Amino acid sequence: RSGNPTRNCLEKAVAALDGAKYCLAYSSGLSATMNIAHLLKSGDQIICTSDVYGGTNRFRRVASEFALAESLGGYESLAEHPAIMTHASVPEEDRAALKISDNLIRLSIGLEDVEDIIEDIDQALR
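Counted the way our numbering counts, the sequence shown spans residues 616 to 741.
Hints are computed from structural coordinates only; laboratory data are not their basis.
Note that the structure is a prediction, hence the values are computed from the model and not measured.
A virtual CB, placed ideally from N, CA and C, is assigned to each residue, including glycine.
Treat each hint with caution, since some may be false.
[To be verified] DSS-like, lysine-lysine: derived pairs with alpha carbons at most 27 Å apart:
1) K656 to K636
2) K714 to K627
3) K627 to K656
[Claimed, not checked] So the derived label-pair ranges between C-beta atoms look like this:
4) K636 to S704: 34 to 40 Å
5) L632 to D731: 30 to 36 Å
6) A631 to R741: 34 to 40 Å
7) A652 to L625: 29 to 35 Å
8) S704 to K627: 30 to 36 Å
Whole structure, please, built from the sequences with the hints as guidance.
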């Protein structure tokens with residue numbers, strides 16, 4: 616048996632929602648990060664979410680490649696903490712229903728060197 620039917624369904628659904636030809640879904644881990652980094656070209660942007668348990672503020676302090684901001688249209692890498700920024704006015708129970716936890720950091724990857732970005736994220740998550 617090969618592939619993962621659940622992941623395949625997710626990829627097709629996300630691609631259809633965005634009007635894209637395809638979508639790739641990965642689990643966490645360095646191999647997933649490296650695969651995505653090699654698929655992107657300068658100027659591409661992605662949005663991915665992951666709870667950073669116990670390290671949200673540390674990530675924001677350590678990740679020097681990322682400005683803390685709420686924009687998704689620029690060319691620089693940004694880190695956003697939705698619980699205290701874009702969704703600060705949303706009641707906690709509504710945020711929970713939307714899977715926006717207090718530990719969530721949203722990254723927008725810009726034009727910086729891929730290796731610098733990977734190193735910065737790796738350092739911030741240690």
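Is 30 to 36 Å right for how far apart the beta carbons of S704 and K627 are? Given about 34 Å between the Cβ atoms, the range holds.
Is it true that the C-beta distance of A631 to R741 lies inside 34 to 40 Å, as the hint says? With Cβ atoms ~37 Å apart, the hint holds.
Restraint status (C-alpha distance of K656 to K636 at most 27 Å): Holds, at roughly 17 Å.
Determine whether the Cβ-Cβ distance between A652 and L625 falls within the hinted range of 29 to 35 Å. Between A652 and L625, where Cβ atoms are some 21 Å apart, the hint is violated.
Whether the CB-CB distance between L632 and D731 falls inside 30 to 36 Å: For L632 and D731 the Cβ distance comes to about 31 Å; the hint holds.
Please check whether K636 and S704 have a Cβ separation lying inside 34 to 40 Å. With a Cβ separation near 36 Å, K636 and S704 satisfy 34 to 40 Å, so the hint holds.
Straight-line alpha-carbon gap K714 to K627, limit 27 Å: holds, 21 Å
Would the hint linking K627 and K656 be met if the CA-CA limit is 27 Å? Roughly 22 Å separates the two Cα atoms, so the pair holds.
Violated hint: 7 only; the structure is consistent with all others.
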